[in-house]
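Given next are the chains, with one letter for each unit.
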Amino acid sequence: MIQLIFDTLATAALVAPAAVGFTLIFALLGFANFAVGAVMAAGAFAAWTANALLGWPISAATAAAMLATAALVLVCDRAVFRPLREAPGWALLVSSVALSFVIENLLRLIFRADVRGYDVPLSRPLIWLDARIAPDAAWSILAAVVTLAVVLAGLRLLPWGRALRAAADDASLAALRGIPIGRLRVFANLLAGALAGLSGTLAGFSLAIEPGLGWSLTVSVIAAAILGGIGSAPGAVLGAVLIAFVEEVAVKFTTPAYRPGIGFIALALVLLLRPQGLLGKPLAAGRDQ
Amino acid sequence: MTFYLIAIATSAGFYLLLALALNLQWGLTGLVNFGVAGLYALGAYASALATERLGLPFLLALPMAALVGALAALMLAALSARLSGDYLAIVTLGFAELIRLIAMNEDWLTRGPRGLAIATRPLPEGLTREAAAIGYLLLVLAVVAIAFWALERIRRAPMGRVLRAIREDALVPATLGRDVQAFRLRAFAIGGALMGVAGSLYAHWVLSITPDHFQTPVTIITWMAVVIGGAGNNRGLVLGAFLVVGIVEGTRFLGGVLPGLDAERLSALRIVLIGVLLILAIRFRPQGLIAEQPLRHTPPGAQP
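So the protein lines, in turn, are chains A and B.
Position 189 of the first sequence, counting from 1, maps to 189 under my numbering, and the rest follow consecutively.
Position 10 of the second sequence, counting from 1, maps to 10 under my numbering, and the rest follow consecutively.
No lab work stands behind these hints: they were computed from the structure.
Be aware that one or more of the hints could be misleading.
[What the hints assert, rightly or not] Quick partial rundown of chain A residues pointing at chain B, CB under 10 Å, derived from the structure: (1) Val75; (2) Ala79; (3) Leu267.
Quick reminder that beta carbons are idealized off the backbone N, C-alpha and C, glycines included.
In isolation and in its complexed conformation, chain A is listed as follows:
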């Protein structure tokens, strides 16, 4: 039981930050950014470069990866998405899938498809109440919990966070009230990028670091955001924990190879039973293609 809770949290730790970033971008910019997985892979490679090539400790490497992916997401927004802000919804969706493949294959071009891992000392798992707790999984949970606590508190309390939530609710009304939408867009992209980078870095502990790393997690991340109610940051965290729980339980009955498929089936069930998500508003105002 303790083991299941711990495994769930360890999996949720690598899904939740990216899901919060995805849901923020969806709320503010109104489109599903499918490139979130590729950004995660980029984060894992950035952390690997800092850690294994430059010899930085993993905490510094994580911070470096978050900075790198924040910059990457901002550049991608400037180059690809911002010019399309007047374009129909499909243009953003399809561009994000294409962008995801550009990023993934740029990684393949630079680093090749070899499987890598961080340069961290091997250590024995801690045994606590009969549960085996791997130190890097414990570090993942700690990093994700601290980061998400700061982000969620900031969204609720700080002026930037309130502005972001206001603009996500109604951008034109927020603009009328003097909220600088352009600068907010930059802020949201930096935040979403850093969160995806954190997810990717943490994913690099439990999964092999290779260019397709993020693609296999994309469905889980988006499923978590939808399950929590798209646009709601606390919802995305809750959704990630639930998706992780379902995955951990389901893997016991099938092979681990099906883990990404379980995320999809969970998503399908959510769409059938409660399409507005757990903490979401009714979808009546949902944007149509």
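Fit chain B to the known structure of chain A by using the hints.
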């Protein structure tokens, strides 16, 4: 070289079928489908299993692939029928991944990454290698022609007008008493059937299918053919599909220009170029090379 050109033309034919199907779903009706590769794979495996395991002739396996594709597409559209397009996008994408996982891991059924060998050929035995290659190209082109004709009929028929109206604003046809959901499901299912047919033709052409054949680049290339050809316009797609397959094949020759790249890096570079091209096409020419023509308001003979 001749064989190479025939092979390229044949694979352009598969992509043209996929693009025609996507054009019905998205170009005409506005339903985003990121699961093209999944439906294609489903058709290929359904057809291959029907001939190899059940011993059915190709002429029965082909409609079976169409049926499986239609049912899967129907299920996907029904899952997200009442939601906005972003949900259909993620559902179809997840579906394609699930199909790939099943093909990869259910070894007893699909033989996984080792590949499912297919012995059944649609063409009569005893042809020379050249005649078989040309014969298969003609077979694919014949199916393309039938699909093109049928889809043009749908586009001009009352159904096509309803689908376009749904794409522009679903509220209008709904107000006029059209069952918008039923039309959406129908368009998605017909498209799924056609993708299944494309998969079946592909499977019996390559004669050994692995999950790697059905990865997301298939979906990207199909989208590119529709976007570059011109959404909503079937004639533009013919140009789009051949152009895109030409570009995809043409980038193979980058290896000669950039000798420092090994095969793995070269294939990564090709996908990067294709992705960048799609992003540029969406940004600078979203209506495609040949834009959709507005229909005449009164089709001849429609009103007395």
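Hints versus structure:
1. Val75: violated, 13 Å
2. Ala79: With Cβ-Cβ at 8 Å, under 10 Å, it holds.
3. Leu267: Hint on A:Leu267: holds, closest Cβ of chain B at ~6 Å, below 10 Å.
Consistency note: the structure conflicts with earlier hint 1 alone.
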